[in-house]
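*Asks:* Here's the letter readout for the chains.
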Amino acid sequence: MPGASKFERLACASNDWIQVMVEGQPVKVRPGDSAAAALLAAGQSAARTSAVSGDPRAPYCLMGICFECLLEIDGVPNVQGCMVQVADGMNIRRQQGAPVLNDSLAAGVPA
Amino acid sequence: MSAHDVDLAIIGAGPAGMAAAATAAQLGLKTVLLDEQKGPGGQIYRSITQPAPADENILGKDYYHGRSLALALKNTSLDYRPGTSVWALDQDLTLSLSGNGQSQRIRPRRLLIATGAQERPVPFPGWTLPGVMTCGAAQILLKSSALVPTQPLILAGSGPLLLLIAAQLHRAGVAIEAILDTTPPRHYLAALKYLPGALRNLPLLAKGAGLLAELRRAGIRRITGVSELRALAGPDGTLGQVRFRQGKKAQTLSATTLLVHQGVVPNVQLSRSLNLSHDWDQLQQCWRPHTDSWGESSLPGLFVAGDGAGIAGALAAEAFGKLAALQIARQLNVISAQQRDQQSQRARRTLNQQRAIRPFLDALYSPAREFLLPADETLVCRCEEVTAGELRRLARDGCPGPNQAKAFCRAGMGPCQGRMCGLTVSQLMADERQVPNSEIGYYQIRSPIKPLRLGELADSAH
Chain A
1 MPGASKFERL ACASNDWIQV MVEGQPVKVR PGDSAAAALL AAGQSAARTS
51 AVSGDPRAPY CLMGICFECL LEIDGVPNVQ GCMVQVADGM NIRRQQGAPV
101 LNDSLAAGVP A
Chain B
1 MSAHDVDLAI IGAGPAGMAA AATAAQLGLK TVLLDEQKGP GGQIYRSITQ
51 PAPADENILG KDYYHGRSLA LALKNTSLDY RPGTSVWALD QDLTLSLSGN
101 GQSQRIRPRR LLIATGAQER PVPFPGWTLP GVMTCGAAQI LLKSSALVPT
151 QPLILAGSGP LLLLIAAQLH RAGVAIEAIL DTTPPRHYLA ALKYLPGALR
201 NLPLLAKGAG LLAELRRAGI RRITGVSELR ALAGPDGTLG QVRFRQGKKA
251 QTLSATTLLV HQGVVPNVQL SRSLNLSHDW DQLQQCWRPH TDSWGESSLP
301 GLFVAGDGAG IAGALAAEAF GKLAALQIAR QLNVISAQQR DQQSQRARRT
351 LNQQRAIRPF LDALYSPARE FLLPADETLV CRCEEVTAGE LRRLARDGCP
401 GPNQAKAFCR AGMGPCQGRM CGLTVSQLMA DERQVPNSEI GYYQIRSPIK
451 PLRLGELADS AH
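Sequences listed follow chains A and B, in order.
Anchor point for the first sequence: position 46 equals 46 in the UniProt record's numbering, and the numbering is continuous, going up by one each time.
Anchor point for the second sequence: position 419 equals 419 in the UniProt record's numbering, and the numbering is continuous, going up by one each time.
Hints were generated in silico from the structure; no laboratory data involved.
Quick caveat, the model's predicted, so the values are computed rather than measured.
The C-beta atom is built at its ideal place from N, Cα and C for all residues, glycine as well.
Careful: at least some of the hints might be erroneous.
Claimed, not checked - List time: in silico EDC-like cross-link candidates among lysine to aspartate or glutamate, alpha-carbon distance up to 20 Å: (1) K450(B) - D16(A); (2) K249(B) - E390(B); (3) K207(B) - D181(B); (4) K248(B) - E228(B); (5) K30(B) - D7(B); (6) K193(B) - D281(B); (7) K38(B) - E8(A); (8) K28(A) - D74(A); (9) K38(B) - D55(A); (10) K61(B) - D281(B); (11) K38(B) - E23(A); (12) K30(B) - E56(B).
Said to hold, decoys possible - Covered stretches of chain B, going by a simulated chain A footprint (3 or more residues, C-beta under 8 Å): (13) 356-364; (14) 412-426.
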């Protein structure tokens, strides 16, 4: 659920801002942010739902260990959001359960 | 591929990897430094080339020490490749890399794994709720993004990082509702016998005492002897409350964010994937790859340095990385044994001094039993949602170890590949079967160590 972010931004060393889309909404973020940090800054408390129970999960370690921040970034599912730095215009969506292997993805795999 | 591509490949650009890379490149070794992150620093010096907060007092001078290490990388002929992950290692030290959506293989003469530590997984009821994250995660948000949690904020756990992040958040103007210290009171007595060793590192002891004094002066409520930690969901399904016990008194506090910490443990994914020899560290309650005093592992030519070889902190990692690079230079006949010994004196002294305080810290901050052997209802494998109770039942039914348990209940088979449950599963099964951890063993880790797309895998086969 989008809402007031549970995180707030302190005064930053530089004044660079870029815009990304989080769940279809434009959000101003910093170039040093990871996609997972952008998600939290945008007020999304959960990054994905569990592929087993459907329970909401959120970034937990932010250092590539826990795989809880799996996101769909620019249309690519199952990406570790904490390991990807934001880029202007990046499209960030939450991962809903297990991703479905669609035809366009399967087409890239040699027989 | 028979020829070697480089003299030395280093995985990880934290303090050990950066120090090793600078040393090796200065000695003329053809060196490649591979790192998953977009900038150097590892986790301790994360974002050190572009720290986000304007106020440098928040993170403190120990953090900005990392600048000198990152600067040394620029002054050399080093091939530094950020944004590159290593997804497989072969016995002949060939690495399979993935970066910018492309896969590549490199064969070095020597390999140094400097992948550092991860926070110890802290299973307790409710730890999967959104709103619960590690103290390390909060520190990364602070360093890279200048993002801090809003109120009400609770910190819970044990260890130096818990106090450090509390102090840093306080300096940033963040109100902390309470620090729940789960250090069992008897640990203070147990740690006393290691105090003489700790006195060899007075600066670090003074830093710890300084942090405690800073938190006290700030009037932050620190509740000690906390047990039965539990996170409860609020109406929106995310963290709402934190429940715990202090002595006989059960308490419940409202919380938006709960930051947890129970120390750090070596990241053994790569060393395990090669079946290197690992030792069980009883005091640190974790596995570490077996190395000699220069960091060479059970596989000749493969070195492990820094916290990945046993937790000793950033300054120790920096020294250890330098030692490993010097020994590698000697093995490749770039320097003599005498030159190696001369150039390693200071680093060796630093390493010994930093290690001297560890038994004291490890005894004091060893996790309470409830986090090592959680209650039956607690989810242990977050990915596949396997509880402690299910793992105990499998052990009772005759399942001999973690790899067999994996086949029965899928613990360790999710996306994190056992990083978050490996230690707990081994300890639970060892406890239930009443055998030592060294006997119960650990997950067999297989490549790809990091996820990669099928297209990349197909490319690498060409």
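*Asks:* Give me the numbers of the hints this structure contradicts, sorted from smallest to largest.
*Replies:* Per hint list: 1, 2, 7, 9, 10, 11, 12, 13 violated.
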